[in-house]
Amino acid sequence: MVDMGKIWKKVIAFLKPTDVSLKTDRRIQFVKTVLITFISLAIFIGVWWELSLLIDTAFLPTPDIVFEAFIDSFGNPDITTGRTMWDNIITSSIRVAWGFLLAFVLAVPLGLMMGFSKTFESFSKPVVEVFRPIAPIAWAPLLIIALGGIVGPIIVIFIGVFFPLLSNIIFGVRSIQPILMDAAKTLGARRRDMFIKVIIPSTVPYIMTGIRIGLGIGWMCVVAAEFLGAVGGGVGQYVQFKTEVNRFDQVFAGLIVFAILGLSTTELSGWVERRVSRRMGLK
Amino acid sequence: MMLTIENLRKSFPLEEGELVAIENFSLEVQKGEFICLLGPSGCGKTTILRIIAGLDTLTSGKIVLDGKSIKGPGSDRGMVFQEFALFPWRTVRKNIEFGMELRNIPAKTRRETSQKLIDLVGLEGFENAHPHELSGGMKQRVGIARALANEPDILLMDEPFGALDAQTRNLMQKELLRIWKETKKTVIFITHSVDEAVFLADRIIVMSERPSHITEIYKIPWERPRDRASMEFANLRKEILAKLEKMVKLD
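Which chain is which? The protein sequence lines are A and B, in order. In terms of numbering that gives the first Met the number 0, the first sequence is residues 0 to 282. In terms of numbering that gives the first Met the number 0, the second sequence is residues 0 to 250.
Everything labelled a hint here was simulated from the structure, so no lab data went into it. No residue lacks a Cβ here, since even glycine has one placed at the ideal position from N, Cα and C. A hint or two may mislead.
What follows is a list of derived Cβ distance ranges for each label pair [to be verified]:
hint, chain 1, residue 1, chain 2, residue 2, range
1, B, Ser10, A, Phe119, 49 to 57 Å
2, A, Ile195, B, Leu18, 30 to 38 Å
3, A, Thr32, B, Glu132, 22 to 30 Å
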């Protein structure tokens, strides 16, 4: 007879996360990660399934129904809007991209200047600090009425991305080792050289971190903006509309789309961040 | 006289009165001379070096380099740091070329000079490596080459081998002497190792604790490379050590 207890112990021992610094075989590590992720999600879906059967309410459909709705939303255009999930994803993505781009273009120079120049910082800080605590979503109704359903949501996303990006850049400039500045000075660097050749390059990893965090927030802002009257579809609008017509299976399908979009953006920018840091020798 | 330091004084204001770090420090350095500043930690050796480099200001006194009074940092003085202070995002070659870039030297000349320096400090094959890929000794080779690339009159070295293990340290001392001979630079070298100072210096300037001033100057006319196992080496080392110990005990 097979001793299940022993096997169970072995499985657990295998799945225990090992110290990565030990450089165990990369492939084994990968298989482990995939396995653990799979098991974790399987347990989650199992619990979800049991729960929805137990509660038995329309608000929480079983996973199989949600899955069906999810697949269907990509294949067939929606009856009322005529849009597939692809169309919605593209619309939302473009919004996030514009808001992000705008934030990037403004936050990078502003953050570098604020970190570098005490005078510039003391003048801009009060304004920044007043605006920072306002939740980006709080702006949404006003901005959408004032600027319309196309520009409004973009500005909401811009606000969401701007502040974390700015904070990270300022922090990055502050985190420069003073000894690197000393070294540059003894090599003949003036203020301008210092800015271009020392401060900007050593801030790059912090900018990358800001981008990763900012994009995550961008995806949250787009939902709110789309709830509040963005024009031209989007995943947020899809979720809102489906809630209104009691298609909760489709609501959940939309939520899953958001999960995938947010996760892949964060993963992708994390990957770029690591690559850039490694290329620059900043590890 | 190449470098003249006259009555250097450095103090920091406190809530009541002031903290005198360096007092009455005067020194004349000849062209091509190898000077070691030796003293207990916290004696202000580094501060003196930073003032010469132009990174710190003096409270009173005067420093004249080649007839010009020192005001702020400049490429006529090269500095080598204990913590290496290499730019992590730049390769070995790019680190060495940093100062030349600032002086707008054309890329071709930069490349030639950096190659010469890479050969001089023995880093062939590591031109395109980043600092994090190098050992401590190699990092400091880059540090030295980077400082030399500006063709400074004087090399200021702040415990440059302090972060290295004993073996690498001994090797780097020999390497430094070789580089010093080839480039004929004036060197001011800070250390708290008596052994290191006796091995390297033409003159050892022994400094006291705060408020620090010069307590003794040893002139060492011996040939190089010096033999650490020799009687005279051991005797001088013992003598200086005894002096330093007495100073610390007074505390």
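Going through the hints against the structure:
no., hint, in the structure
1, Ser10/B x Phe119/A: 49 to 57 Å, "violated, 32 Å"
2, Ile195/A x Leu18/B: 30 to 38 Å, "holds, 37 Å"
3, Thr32/A x Glu132/B: 22 to 30 Å, "holds, 28 Å"
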